[in-house]
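**Student:** Protein chains in written order, with the working numbering: chain A, 1 to 306; chain B, 1 to 285; chain C, 1 to 369.
Simulated from the structure, these hints should not be mistaken for lab results. Ideal placement from N, C-alpha and C gives every residue a C-beta, glycine not left out. Mixed in with the good hints there might be a few duds.
Unchecked claim - Just so you have them, the derived chain C footprint on chain B, three or more residues with Cβ under 8 Å:
no., segment
1, 85-95
2, 178-184
Claimed, not checked - With beta-carbon atoms standing in for the labels, derived distance ranges:
no., chain 1, residue 1, chain 2, residue 2, range
3, A, F113, B, S5, 38 to 46 Å
4, A, R59, B, W81, 43 to 51 Å
5, A, V37, C, G108, 51 to 59 Å
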Amino acid sequence: MSDAAVPAKRKGFRISPGALPYVLSLPALLVCIGILVPFFTAVAYSLQRYRLSQPWARRWNWGENYWNFLSDSSFWNTLKVSLTYAILTVGLELVLGLCIALLLQKRTRFNNFVSIMLLMPLMTAPALASLMWKLMTNPGFGILSYFASLIGFEDFRWASDPSTAMLTVVLVDMWVYTPFIMILLLAGLRSLPKQPFEAAALDGVPRLFVFWRITLPMLTPYLLTATLFRVIESVQQFDIIYAMTQGGPGDKLTVFQVEAYLNFFQSTNVGRSAALLMILWVITYVLSMIFIKQWLKLRERQRGEI
Amino acid sequence: MDQTSTLEKVLRRVAISLVILFFMFPIFWIVLMSFQTNETILRVPPSVIFEPTLSNYVALVTGKLETQAGTLEINFMSNLWNSLFLSAGSVAVGLILGIPAAYAFGRIKFRGSEDIAFTLLSFRFAPPLLVLLPLTIYFQKIGLADTYFGLIWVYQLIVLPLILWIVRGYFEDIPADIEYAYRIAGHSWFSTFRTVALPLAMPGIAAAGLLAFIFAWNNFIFALVLASADKQPVTVGALAFVTASGIQYGQVAAGIVLSILPTLALALYAQRYLVEGLSLGAVKG
Amino acid sequence: MSIQLSNIRKSFANDLVLDGVSLDIPTGETLVLFGPSGAGKTVLLRLIAGVVDPDEGRIIVNGVDMDGVVPEDRGIGMAFQNFALFPHMDAHANIASPLTARRETRSGIETRVREVAKLLKIDHVLGHTPAELSNGQKQRTALGRALAAEPSILLLDDPLRNVDAKLRFEMRLELPRLLKAQNATVIFVTQDYKEAMALGDRIAVMGDHGIVQIGTPEEIYLCPSSTRIARLFGDPTINLLDVVPEIGVQGPVVQLSATDVAISGSYAGAVGKACSLGIRPEAIRFVAPGAPGAFPVEIEAETPLNEKTVTLAATRNHREILVSRPAGTPGPDHGKAHVAIDMGNALLFDRATGARIIAADAPTDEMAT
């Protein structure tokens with residue numbers, strides 16, 4: 001009733017409701033653009049003959065960097081090493097992570113404690129994890145080298161030996177990232193509805209059958225999300241490999257990002273480095289589009305349940 | 001599921017023990033090493049029996065490393081300080097940029113919002129070097145090379161998507177009616193954001209901040225490419241330290257322990273948000 | 001303050017909610033928006049409150065076009081169906097929120113919050129957060145928040161929906177007094193016809209993306225514009241019998257239990273048309289055989305309610321009708337009986353469209369009994 005409440009258009013400066021969201025997201029957008037600029041620069045570099053050591057010889061060579069890859073054995077090696085690394089790590093982590101998640105499925109105090117403990121490797125910086133393993137695999141005093149000698153592998157050289165270098169970095173990757181898969185799958189397992197399992201138990205369905213026919217299918221969205229997430233990261237792994245061997249011995253571990261890094265800073269071949277990264281980007285882009293779809297589904301589902 | 005046999009119980013125990021052994025042993029061993037002198041470290045066979053010493057930590061904290069060749073200056077403490085400054089700075093900037101954007105994406109649906117949100121998300125998955133290598137050249141030109149500011153900006157690449165997507169979920173979970181009610185009560189948009197939306201999303205903001213801090217701290221590649229020695233965080237610093245200190249393994253171990261301690265402590269503190277953070281808000285723990 | 005809506009249209013994504021809604025609410029009126037869920041009642045309130053913008057049409061409050069006026073400047077009080085209390089503030093802060101916005105003095109706010117809380121009988125729980133309040137207390141807090149600033153427009157979105165029956169009954173008695181004391185223009189949304197009848201100066205029945213009938217409670221109850229509206233009001237629900245009016249001896253008649261029952265002569269135009277005859281249960285009486293308009297029925301069941309007794313009876317061709325009589329009045333409870341219809345209150349609807357057939361002249365009571 002008070003006259004003060006008579007609605008009136010307020011004067012003075014205000015942001016119109018339509019423009020508000022743009023104003024709010026503008027700073028984030030600017031950062032976005034700031035990151036898109038170097039991205040397009042990288043695209044341009046990949047189409048140039050560009051060596052930091054010979055800036056005078058810089059010129060457009062269009063697809064030549066890419067074309068050269070076809071006959072470049074070291075490129076094929078990079079592709080092979082990257083894919084091997086990604087498949088090995090993600091495959092092993094998936095199996096191990098699923099096993100651990102199944103072991104810890106019951107919500108007991110002990111299981112919760114263990115699952116929190118297992119987060120510690122995941123929270124360790126991968127580069128530092130590599131250093132830890134480097135100390136443990138030191139041929140002079142490394143505890144793992146000692147253990148290897150105990151079971152008959154005298155002079156087991158871990159990352160310094162071309163034949164076991166991959167094994168070593170895969171082991172470090174597993175140490176760091178298995179908990180990631182484990183914790184996602186554990187959350188998935190614990191969120192599954194109980195009725196199908198109770199019904200199966202009542203009917204005396206064999207547990208292996210329950211696992212294949214009920215648990216796994218219901219867990220699929222979580223498995224897919226975890227797998228895609230890990231494949232995308234693993235195919236561009238840098239920290240663990242660089243900190244462990246810088247890509248060596250020889251070209252045994254020159255995965256995409258390591259090879260690109262070495263090309264850029266050691267051989268100063270910017271063009272080749274950029275082209276390598278573009279190919280990696282295409283791979284991860286395709287994977288991440290699949291991932292985002294899967295991830296959105298899972299996200300919607302979680303929101304719907306709340 | 002109660003018909004578990006004794007054999008199965010035993011097998012489960014063995015399996016869990018092996019799992020704990022595999023994941024805990026490296027941390028345990030490095031901690032042990034950090035309290036040993038080089039002599040005890042180099043013993044063959046290795047043994048867990050030794051006289052613990054704090055000398056490694058003392059050397060790191062005082063910045064003086066005694067070697068046979070003489071005293072070596074180490075700036076590991078400045079690496080720690082850099083890590084702290086870079087991570088905290090990135091999270092602060094990330095929150096300032098990310099929270100309003102998360103609110104815009106989560107609450108006020110607007111044209112193009114999903115596209116922008118997904119573009120930001122896809123940064124999370126692009127190879128970091130793709131952006132970093134051209135940036136090294138740009139940073140030289142515009143004078144951002146080897147500055148904290150430049151590094152913090154690049155760190156947004158990992159911090160911002162994380163904050164944006166986690167906090168956005170929390171804003172979406174606030175019923176719109178609650179905000180409407182506050183506005184109808186006569187409060188401006190901004191006042192509603194500050195007194196209703198922000199406090200209600202606070203748990204999500206805290207979780208996102210903690211996780212972003214951990215990820216920033218653990219980052220290696222950004223600083224490796226863009227930072228020189230005096231701006232390096234521990235991840236890069238520790239690697240350089242290994243090369244510089246030669247065979248001072250005790251100090252290296254102590255350095256690693258000091259470097260991973262903060263993130264482990266934070267992770268334990270924030271563990272109930274970890275699942276949500278690691279899946280960028282897709283899975284709740 | 002008066003509210004005018006003209007030609008409001010609103011859709012969400014591809015979902016049309018309101019289409020061409022016009023409404024004129026004079027100052028001080030309590031208008032009830034009544035209709036099934038999904039009819040757009042809540043959306044209409046939100047449009048008036050300004051938290052949702054119309055696609056087309058104008059909202060005019062006291063002569064001022066509300067286009068571009070943000071919610072906080074509209075001077076409206078609103079209570080939400082789900083209460084929408086601020087979960088991180090106690091009841092006191094919730095109720096005070098419209099007052100703090102107006103930058104009133106601390107003591108002024110304190111006095112007013114106490115006053116409102118006392119009025120709503122929640123002064124003893126002001127320090128509790130919403131999580132600690134019972135449903136009824138939440139509902140009163142939400143109402144208190146809407147009333148606190150003495151807004152001249154009050155929008156109440158089904159505030160009694162989520163409270164238990166006892167409390168709803170109490171509030172239904174209390175609310176008219178409260179609202180009148182406010183002297184505000186009130187729009188009250190409900191899905192409960194009794195609430196609508198008890199509270200509304202007028203009722204706007206919503207459906208089909210708009211308002212299908214608007215009028216005083218009596219008008220809506222006695223002259224519903226369609227069978228759909230007729231069914232929404234009244235308990236037990238209206239009897240709808242399929243009939244085809246014929247020409248009888250003295251004018252149009254309908255056949256019930258093989259008996260010609262006369263209907264108003266002004267329905268002559270409906271002769272030969274498929275119709276539904278709508279008779280409220282209380283417009284049917286038990287009569288002695290041979291009384292004017294009497295026709296035989298078979299009693300099937302009887303349900304005594306508190307203030308009335310409802311009998312289910314069947315006509316000779318097995319059409320069931322409900323008869324309601326005040327409790328305590330005599331009536332048969334089994335076997336055969338005769339009933340007569342108070343034809344002055346009978347309604348005739350077009351069976352195909354459901355629309356009420358308006359008598360050629362105003363309904364008279366000449367054909368009654």
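**Student:** Determine for every hint whether it applies to the structure shown.
**Tutor:** Against the structure, the hints:
Remark: the segment 85-95 of chain B is not confirmed as covered by chain C, as 0 of its residues place a Cβ nearer than 8 Å to a Cβ of that chain, below the required three. Residues of the segment 178-184 of chain B with a Cβ under 8 Å from some Cβ of chain C number 6, which satisfies the need for three, so the listed coverage holds. Separation of A/F113 from B/S5 is about 25 Å and departs from the stated range, judged on CB atoms against 38 to 46 Å. Between A/R59 and B/W81, the C-beta spacing of about 44 Å keeps the proposed range 43 to 51 Å intact.
At roughly 56 Å, the beta carbons of A/V37 and C/G108 sit within the given window of 51 to 59 Å.
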